[in-house]
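**Student:** With the hints as constraints, model all of the structure from the sequences given.
Throughout the sequence shown, residue numbering follows our numbering, covering 7 to 737 in sequence.
Keep in mind that the hints were calculated from the coordinates and are not lab data. Just to be clear, a hint being listed does not mean it is correct.
Stated by the list, open to error - Pairs of lysine-lysine, DSS-like flavour, derived with a Cα cap of 25 Å:
(1) Lys293 <-> Lys245
(2) Lys716 <-> Lys695
(3) Lys676 <-> Lys716
(4) Lys381 <-> Lys291
(5) Lys373 <-> Lys309
(6) Lys191 <-> Lys224
(7) Lys447 <-> Lys373
(8) Lys483 <-> Lys615
(9) Lys447 <-> Lys384
(10) Lys680 <-> Lys695
(11) Lys695 <-> Lys676
(12) Lys233 <-> Lys245
(13) Lys224 <-> Lys483
(14) Lys483 <-> Lys501
(15) Lys381 <-> Lys483
(16) Lys373 <-> Lys362
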Amino acid sequence: METKKALWFIVFLLYFILYGCSSGIQLEEPLKFRERIPKEEQFTLRAFEENSTLKGNFSTVNQTSLSKSSSELELKPILLPNYKDKLLSKEAPPTEIKEERMPINYSALVGVREPVKLNVEGMPLNEFIVYSLGELLKVPFLVDDNVMKNTTPVNLRLPRPLTPEEILEAVISYLERLNFEVYQKGRVLYIGAPKPKPAPPPRMPDYFLGELFEESSKVVTLFYVPKYLSHHELEFVLKEYQFLKPFSVNVRVYPPAKALMLAGPANQIKRVLEILEFIDVPFFKGKKIYSYKPTFIRVEDLKNELTSILNIFGYPVVNNLKDPGILLIPLRSQNMLLMAFPDEESQKFTLDWIAKLDTAQTVGEQKRTYTYKPKYAKAVELAESLSKAYAIYTAVQSPFSPTQTPSPQPLASIPQTTTPQQPQRMQASQPARGFFATSDKLNIYADERRNLLIITTTAPLYEEILRLLRELDQPPKQILIEATILELTLQDELKLGLEWYIKNRLTGGNYTLQQILGIPSTLGLTYSMITDTLTFSMLIRAFASRGLTNILSTPRLLVLDNHGATIQVGQDVPVITGEVTSTQAVIGQQTGVVRSIQYRNTGIILNVKPTTYTENLLQLEITQEVSSMGASPPGLDSPTISVRKITTNVIAQDGQTILLGGLISNQKGKGESKVPLLGDLPLIGNLFKSTSNEERKTELIVLLRPYILKSMDEAVALTEEIKERLKWLKN
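**Tutor:** As structure tokens, this is what we get:
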């Protein structure tokens with residue numbers, strides 16, 4: 007029995023030991039406090055834990071809350087460790103680390119120890135830096151390229167010799183006053199332009215729907231949902247009748263919401279909203295809206311005449327938006343009559359009467375002032391054409407206003423020269439410039455700043471002038487000129503030149519060969535050829551396959567009709583044009599020399615002026631120059647410039663190729679080959695080397711291919727074609 011009791015005692019002892027160990031582990035679990043949470047709230051906490059994807063330890067719960075009764079206990083939120091920071095924190099952009107710069111050690115930088123004197127007057131800044139720091143103080147320095155391009159004159163006078171450290175401090179202070187960045191790094195002085203300040207980020211617009219309550223100039227975007235008219239109709243009315251002209255507001259249709267999207271300053275959008283609320287009313291729903299700009303009659307007179315006629319024929323004209331009928335609204339600022347018709351019958355009847363009322367015969371012979379806004383041409387050019395067409399005796403391009411009328415005098419007797427004081431007095435009193443012409447029946451004034459024609463005349467004469475203006479005011483044509491400038495090596499069958507090859511070897515094709523500027527063909531100097539594009543392209547490709555062509559440039563020029571265009575690829579070469587010995591310019595103990603220098607354009611220069619005619623013909627005034635700098639002659643510092651130039655006038659059809667050639671140059675040189683060392687021995691060195699005379703003969707060829715672009719659609723199509731050709735550049 008005692009043995010059994012001992013066994014049972016050992017079993018219970020082990021049981022309590024194991025129970026104690028297990029209960030100790032459970033005390034560390036965070037779920038032990040659930041026993042004190044009411045049962046109806048345990049589900050909420052469990053669901054929160056099961057659905058949460060965040061891992062971590064819960065915060066400690068106060069023991070006072072655990073000791074409350076179930077009825078008083080409230081479920082409090084369990085704080086998770088910084089979960090918002092884990093979800094919402096973004097990596098901040100790297101901040102710019104400012105390099106701490108050491109103060110400038112003047113003694114360590116200067117390379118001289120004796121006192122020096124610095125006096126400069128009118129010296130360019132880039133030369134001043136090199137002279138003062140490099141030559142005078144022997145300071146090792148690095149300069150930014152933008153600083154070396156600065157040629158601001160420097161005037162710096164120091165009354166007496168100073169130590170190199172004081173001179174360096176004065177130079178650095180002067181550069182810092184000019185807003186340059188000067189600092190020391192190691193034993194080198196750095197001079198750089200200040201870094202531009204970063205532009206502030208653009209202000210994001212606010213978005214509104216329906217109503218706008220702001221009166222500021224803040225940029226906002228508003229979405230307006232129409233009530234009665236469609237969003238397309240409202241956009242058409244706003245743009246067609248120029249309601250947006252006084253405002254800087256952009257209007258677009260937003261199809262997903264069938265709304266208008268207005269973007270711009272808030273105070274201006276509010277004014278546009280007032281216009282929309284006036285138009286978007288039940289009266290305009292289903293109405294036919296139309297506008298008309300009268301030519302001869304005033305818009306108020308046209309509205310009054312139409313009102314009387316329509317009422318007589320039984321078409322009521324209303325003055326408010328509540329009554330049914332025809333609405334006539336004169337817009338004086340735009341010289342426009344806005345009309346709303348209930349049906350097509352009333353619209354057709356009204357437009358027929360407008361065509362009868364707005365005529366020159368209705369107005370009579372009374373003089374009136376008319377304005378014409380050119381669409382494509384300049385007002386001054388149109389005024390000059392009108393003055394010549396109607397033989398107006400007084401025509402002056404000066405700062406006259408339309409109310410001023412110069413004394414009538416023949417055009418030939420107008421003085422051609424004036425004293426310098428006269429235009430100054432006129433500009434001071436009348437700053438607006440333009441063209442003014444006057445006669446007994448016609449006054450023409452062209453406002454150059456507004457590009458507007460103001461014409462005072464009778465209605466019948468203005469009707470005739472208006473037809474002429476519509477003929478003159480046409481969109482100008484554009485001409486695309488594709489040019490190829492190349493050098494042709496003259497050898498084998500080409501040794502006599504391309505002109506001889508074309509005359510004697512080229513068969514087939516359509517071409518015309520002519521001399522330039524009347525030079526006889528026997529001289530063989532210059533010539534031009536007009537040919538079909540395919541024939542000559544094949545010829546040039548054949549020469550290129552044999553290595554006989556060297557393409558110098560392939561420019562493309564897009565130029566307006568009867569306007570010149572220039573393309574230049576090269577450099578400006580300084581050429582000494584004069585030299586004078588001056589006793590006033592003294593450097594040290596020597597007399598100075600004053601030189602006058604001009605810069606000469608060299609390289610490839612192409613000037614073209616096209617003029618189009620009917621039947622797809624055009625005339626080209628062409629000047630082509632290829633120049634290069636050569637060696638300086640003995641005793642001169644100026645280089646020689648080799649020039650090959652062509653000037654001509656040709657007529658060709660659209661798409662034809664124009665060839666200009668005949669400028670042949672001979673380049674002679676000597677070649678030498680020798681055995682190393684042995685060829686340099688005296689007396690017997692000639693036995694180990696050989697010399698040869700080389701001659702290279704080339705001809706300059708210019709190929710021009712003009713294309714007439716009659717509309718913007720053709721220009722866009724041609725641009726897309728060029729993009730397709732250059733697609734391979736992206737790869």
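**Student:** Take the hints in turn and mark each one as holding or not.
**Tutor:** Structure-based check of each hint:
| no. | hint | result |
| --- | --- | --- |
| 1 | Lys293 <-> Lys245 | holds (18 Å) |
| 2 | Lys716 <-> Lys695 | violated (66 Å) |
| 3 | Lys676 <-> Lys716 | violated (55 Å) |
| 4 | Lys381 <-> Lys291 | violated (34 Å) |
| 5 | Lys373 <-> Lys309 | holds (21 Å) |
| 6 | Lys191 <-> Lys224 | violated (47 Å) |
| 7 | Lys447 <-> Lys373 | holds (8 Å) |
| 8 | Lys483 <-> Lys615 | holds (13 Å) |
| 9 | Lys447 <-> Lys384 | holds (23 Å) |
| 10 | Lys680 <-> Lys695 | holds (4 Å) |
| 11 | Lys695 <-> Lys676 | holds (13 Å) |
| 12 | Lys233 <-> Lys245 | holds (19 Å) |
| 13 | Lys224 <-> Lys483 | violated (42 Å) |
| 14 | Lys483 <-> Lys501 | violated (42 Å) |
| 15 | Lys381 <-> Lys483 | holds (14 Å) |
| 16 | Lys373 <-> Lys362 | holds (20 Å) |
Hints 2, 3, 4, 6, 13 and 14, counting from the list given before, are not met by this structure.
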